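Asker: So you can see what is in the structure, the chains are spelled out below.
There are 4 protein chains.
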Amino acid sequence: MADLEEVLPALAAEMAERSDRGEVATYIPQLGKIDPKRFGIAVALTDGRVVTAGDADEAFSIQSISKIFTLTLALGKVGDALWRRVGREPSGNPFNSIVQLERELGIPRNPFINAGAIVVTDVLLADHQPREAIGEILRFIQFLTDDDTIIIDRDVAASERATGFRNFALANYMRSFGNLTHEPEMALGVYFHHCAIAMSARQLALAGRFLSHGGLNPATGHSVVSAERARRILALMLTCGHYDGSGDFAFRVGIPGKSGVGGGILGIVPGVASMAVWSPGLNENGNSKLGSIALEKLAKIMNWSIFAP
Amino acid sequence: MADLEEVLPALAAEMAERSDRGEVATYIPQLGKIDPKRFGIAVALTDGRVVTAGDADEAFSIQSISKIFTLTLALGKVGDALWRRVGREPSGNPFNSIVQLERELGIPRNPFINAGAIVVTDVLLADHQPREAIGEILRFIQFLTDDDTIIIDRDVAASERATGFRNFALANYMRSFGNLTHEPEMALGVYFHHCAIAMSARQLALAGRFLSHGGLNPATGHSVVSAERARRILALMLTCGHYDGSGDFAFRVGIPGKSGVGGGILGIVPGVASMAVWSPGLNENGNSKLGSIALEKLAKIMNWSIFAP
Amino acid sequence: MADLEEVLPALAAEMAERSDRGEVATYIPQLGKIDPKRFGIAVALTDGRVVTAGDADEAFSIQSISKIFTLTLALGKVGDALWRRVGREPSGNPFNSIVQLERELGIPRNPFINAGAIVVTDVLLADHQPREAIGEILRFIQFLTDDDTIIIDRDVAASERATGFRNFALANYMRSFGNLTHEPEMALGVYFHHCAIAMSARQLALAGRFLSHGGLNPATGHSVVSAERARRILALMLTCGHYDGSGDFAFRVGIPGKSGVGGGILGIVPGVASMAVWSPGLNENGNSKLGSIALEKLAKIMNWSIFAP
Amino acid sequence: MADLEEVLPALAAEMAERSDRGEVATYIPQLGKIDPKRFGIAVALTDGRVVTAGDADEAFSIQSISKIFTLTLALGKVGDALWRRVGREPSGNPFNSIVQLERELGIPRNPFINAGAIVVTDVLLADHQPREAIGEILRFIQFLTDDDTIIIDRDVAASERATGFRNFALANYMRSFGNLTHEPEMALGVYFHHCAIAMSARQLALAGRFLSHGGLNPATGHSVVSAERARRILALMLTCGHYDGSGDFAFRVGIPGKSGVGGGILGIVPGVASMAVWSPGLNENGNSKLGSIALEKLAKIMNWSIFAP
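Protein chains in written order, with the UniProt record's numbering: chain A, 1 to 309; chain B, 1 to 309; chain C, 1 to 309; chain D, 1 to 309.
Derived from the structure by calculation, the hints contain no laboratory data.
There could be a bad hint or two in this list.
It does not matter which identical chain is meant; a pair holds if it fits inside one copy or across any two.
Using 30 angstroms as the maximum straight-line C-alpha spacing, the simulated DSSO-like pairs for lysine-lysine come out as follows [claimed, not checked]: (1) K297 x K77; (2) K33 x K300; (3) K37 x K77; (4) K77 x K300; (5) K33 x K297; (6) K37 x K300; (7) K77 x K33; (8) K37 x K297.
Please read these numbers as outputs of a predicted model, since none were measured by experiment.
Please take these sequences and the hints and turn them into a complete structure.
Answerer: What follows is the structure, encoded as structure tokens:
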């Protein structure tokens with residue numbers, strides 16, 4: 001196996017020179033201000049080592065990657081009852097499509113498109129005020145990372161709220177079918193805040209370790225989720241983690257991953273590594289362009305693929 | 001690891017007793033005549049052993065499972081140029097949907113829905129008469145299985161042809177966009193014949209070994225496809241192999257698979273096993289009902305999941 | 001020509017006996033309380049006579065019929081510039097569909113589906129507070145009817161507001177495309193109020209006279225809109241006035257009409273009559289069931305059709 | 001009333017000078033060869049006069065205008081039973097869309113989109129060989145025009161057949177739902193031939209007279225269809241006669257019309273005139289660009305609108 005300590009810096013250097021970096025998301029104004037030259041990568045191995053390169057300690061907006069953590073919490077709360085309100089199929093449509101909701105009577109296709117993640121957030125609001133629900137999500141991520149300096153970027157949250165008309169449309173639409181139990185305003189308040197959590201690639205890689213460890217937190221040895229649930233979350237990441245580019249990511253990279261429009265991707269090699277990459281420019285499917293390429297190259301060099309013998 | 005020699009017979013016995021067997025496909029009249037009580041399973045391990053139970057030596061119509069073999073052949077012929085004519089994303093629609101083709105200008109979502117498989121078949125017709133293309137596909141499967149008794153059930157092929165109006169619609173529709181280079185009649189002639197190949201679960205498990213072996217034919221040690229191509233075919237099977245139930249199969253079973261409306265499923269555990277199951281009754285997504293359940297139980301008992309550490 | 005004074009009472013009597021009255025709309029709770037046995041009809045002839053039968057003086061919620069009056073006002077404000085924000089084509093979809101908006105980038109198909117009427121309302125908010133815009137619409141209807149006792153039923157408006165999640169979805173969705181210039185909350189506040197205007201069949205028939213009179217208010221002889229604009233509003237009523245049942249209404253009744261889920265329909269025979277019918281039970285397209293039948297019968301008896309020589 | 005003898009030549013002269021003539025349809029190769037400079041117009045008044053200007057005696061391919069005549073024949077054969085197989089609503093989609101058919105299980109929206117017209121043609125095949133059905137349609141048009149020199153342009157028919165993959169898709173698709181009783185090949189054989197009928201504007205205006213005359217053939221005084229059926233065909237023309245531009249045509253021109261991709265439009269002013277215009281260049285909806293404009297101007301000058309008092 002190639003030596004990660006050599007591979008990652010070389011990869012970061014190669015990425016630094018590329019000029020085809022994609023476009024930084026501008027529909028959330030705060031995200032549009034990020035320097036597209038940033039690139040960071042971090043790999044947390046199951047043996048405890050963490051290897052990084054580039055801007056791996058600079059915090060960025062994790063955006064939709066937060067949907068992994070909210071899904072984990074919601075499954076902990078209501079278990080498989082969640083699947084009565086959210087599907088488990090790839091959507092075949094962009095991340096914020098509303099068409100599918102009309103045809104399928106308000107049941108979102110999966111928990112990683114916006115509509116599905118809003119329902120997941122609605123679950124987390126049960127018996128909670130929005131402030132408490134936000135706090136629960138943040139503390140869960142801090143716990144996974146063992147780092148209580150992680151915070152929510154309230155400027156980003158406010159920026160999303162001010163321009164998030166399509167998410168308001170989705171929430172109201174599901175409410176009209178009875179698949180939202182709180183006011184759209186409340187569910188989206190929590191949703192915009194958890195999307196605005198800021199983490200570095202290093203922190204994100206650490207937070208994902210329970211998924212590469214069969215559900216265990218390797219720092220403590222305690223179970224975060226059951227081994228079966230960890231596998232199932234990974235299956236959802238593989239089939240639905242990159243919106244309408246999920247099939248291509250599985251084809252090229254061959255590992256479960258979840259992207260965010262902030263330019264981050266969390267990738268999991270079961271039993272081997274949790275890794276996070278960050279490059280703010282996006283490809284045509286709204287996934288980090290260089291991040292996807294870097295993970296593809298890294299997986300190839302390290303021979304990391306869930307489809308390999 | 002549990003002992004397959006004990007597990008499979010017990011599984012077959014359990015399945016024999018279930019009354020919720022789904023509905024046998026009737027839109028192809030020949031398939032509607034099959035006894036829904038049939039159940040067979042076969043596992044070809046990478047160590048060379050083949051374990052079976054139930055009706056594992058009875059031939060059934062492999063139908064869409066043939067799409068794995070035609071895809072493999074087409075990639076051998078034109079390589080990645082294939083992807084200019086077929087996508088690699090889950091469709092989010094039933095297997096024979098035409099809606100997506102209108103929106104995406106005649107480019108099918110992936111090679112495992114009918115429209116995509118028809119384009120793949122069109123590729124195999126280059127420089128060939130239909131009869132030659134059919135022969136090439138059949139010989140490839142005979143070669144993989146090392147069994148030249150495998151045949152095409154011409155009654156099934158004729159039955160599909162007589163009622164395959166929707167496939168004629170798909171073919172003509174793609175032809176209108178220039179994404180079919182032969183007459184619909186010709187491409188579908190080949191398509192209906194390769195779907196009508198009849199194999200037993202044992203034969204099918206043997207035919208899939210190259211995918212569990214990193215592209216090698218374990219009987220000969222020779223390469224069928226490169227290791228990378230084997231991984232990529234598996235990725236497509238995972239994300240697209242069960243039509244609009246692909247996400248659910250990945251979630252429940254956790255391995256790449258490909259189903260056919262004849263009631264067969266081929267499942268691959270990389271580095272471990274190629275397995276085939278057959279039970280003619282289908283669930284609401286058109287996938288074998290008991291076959292899916294049996295694979296889920298088997299994967300759980302054997303701890304076979306590509307998402308496990 | 002048959003004598004209306006005899007025809008209308010006979011028609012009302014016939015309708016009173018029918019048991020197939022459709023279903024009263026229940027998604028707006030206040031509307032669900034209406035007695036389905038109600039039936040009223042009023043015809044305002046261009047010679048000044050008004051003939052009525054049944055519950056013609058009982059006020060009901062005009063709902064979407066108000067969209068004729070807001071469209072008229074908006075065209076007066078911005079003229080043909082309105083058509084940059086709203087189309088003029090039948091939608092081929094139910095009244096509250098959001099699918100078409102995604103495909104056509106936030107431009108509603110026509111001003112009579114909900115999304116289009118919300119944009120029209122947005123136009124009326126320019127330089128106005130919501131309260132002023134509501135007042136302007138109400139006064140316009142009072143002016144057309146020459147009856148300042150017409151009011152808004154605030155219970156109905158509040159009821160719609162509390163359950164109007166789908167309209168909030170539509171408004172937010174269009175806002176995300178920049179096709180709403182005010183906050184959804186504001187535009188919908190006005191929208192829910194003008195839908196909640198309560199009028200009797202007699203009042204409604206009087207309010208529609210300018211459309212049967214080539215744009216003139218027959219009571220005063222003054223122009224409300226130009227003759228060309230009157231014709232064009234009638235063309236929109238014919239092609240789009242009954243949602244996804246517009247073609248059928250044109251086919252059966254043969255005159256321009258506009259329905260509301262309160263059970264009212266306004267129908268116009270150019271040069272001859274403005275007529276209003278009310279029966280609260282709706283057919284499967286959300287249009288008054290007996291109202292449609294009564295207009296079809298009346299048009300046949302009186303030989304009123306814009307398609308007749 | 002303005003004098004048509006002066007109006008038409010002036011209109012033809014004005015149209016001759018315009019350079020914005022749209023694009024000639026090229027998807028049927030034979031049609032692509034037509035000179036876009038052609039313009040002809042003919043008006044057959046109910047008083048028996050026929051006024052023409054421009055290339056009014058040059059034959060062109062009537063294409064979809066033939067759907068009026070096949071609909072009339074099919075209603076004569078099966079009456080209202082036709083509406084169990086074809087809808088009466090505007091489609092909200094382009095003329096050859098297949099999306100709606102999937103959602104509505106093979107029932108086309110109306111008889112004027114391609115799918116609907118193919119079903120209508122299927123009706124005409126009952127108890128007939130294709131050759132006989134084609135003959136019946138041609139003779140009906142010859143009878144209406146009192147001109148047996150009208151022929152089918154077999155080069156155009158062959159050209160459509162060779163490139164009509166999308167129509168083959170529609171036909172096969174409806175066949176899969178059981179809404180086509182003959183082989184697609186047969187129904188389309190007849191369809192392509194009746195679309196290829198060649199007529200001059202003068203002939204077409206004469207053929208449409210029964211629709212402006214309440215169903216009577218003014219040349220003979222005999223009934224072609226009942227007055228009610230004539231009105232209903234006109235209603236369908238108004239709501240569905242210009243595909244996805246039907247609403248706009250009703251809004252601008254204000255009379256029932258039916259267009260064809262050969263550049264012809266037949267327009268009817270009930271009780272007044274049947275008129276035909278021809279200009280081969282099409283607008284973005286596939287309707288004659290200058291033809292639409294000419295009819296709009298003519299209707300305005302003559303004050304011809306079914307929405308006028």
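Asker: Checking an output row: K297 and K77, CA cutoff 30 angstroms. Within, between, both or neither?
Answerer: Between copies only: 26 angstroms across, 38 angstroms inside.
Asker: What label fits K33 with K300 when the C-alpha limit is 30 angstroms: within, between, both, or neither?
Answerer: neither (32 angstroms within a copy, 48 angstroms between copies)
Asker: Are the CA atoms of K37 and K77 at most 30 angstroms apart within a copy, between copies, both, or neither?
Answerer: neither (40 angstroms within a copy, 40 angstroms between copies)
Asker: When no copy is specified for K37 and K300, does a C-alpha distance of 30 angstroms or less occur within a copy, between copies, both, or neither?
Answerer: within (24 angstroms within a copy, 45 angstroms between copies)
Asker: Using 30 angstroms as the alpha carbon limit, work out where K37 and K297 are close: within a copy, between copies, both or neither.
Answerer: For K37 and K297, only the intra-copy Cα distance (19 angstroms) is at most 30 angstroms; the inter-copy one is 48 angstroms.
Asker: Go through the copies and call it for K77 and K33: within, between, both or neither, with a Cα cutoff of 30 angstroms.
Answerer: Answer is neither; intra-copy 37 angstroms and inter-copy 39 angstroms both fail.
Asker: How do K33 and K297 come out at 30 angstroms by Cα distance, when the copy is not named: within, between, both, or neither?
Answerer: Cα proximity of K33 and K297: one copy only (28 angstroms, versus 50 angstroms across).
Asker: Could you figure out if K77 and K300 sit no more than 30 angstroms apart (CA to CA) within one copy, between two copies, both or neither?
Answerer: Classified as between: cross-chain Cα gap 24 angstroms, same-chain 38 angstroms, threshold 30 angstroms.
Taken one by one, the earlier hints fail for this structure at numbers 2, 3 and 7, listed in ascending order.
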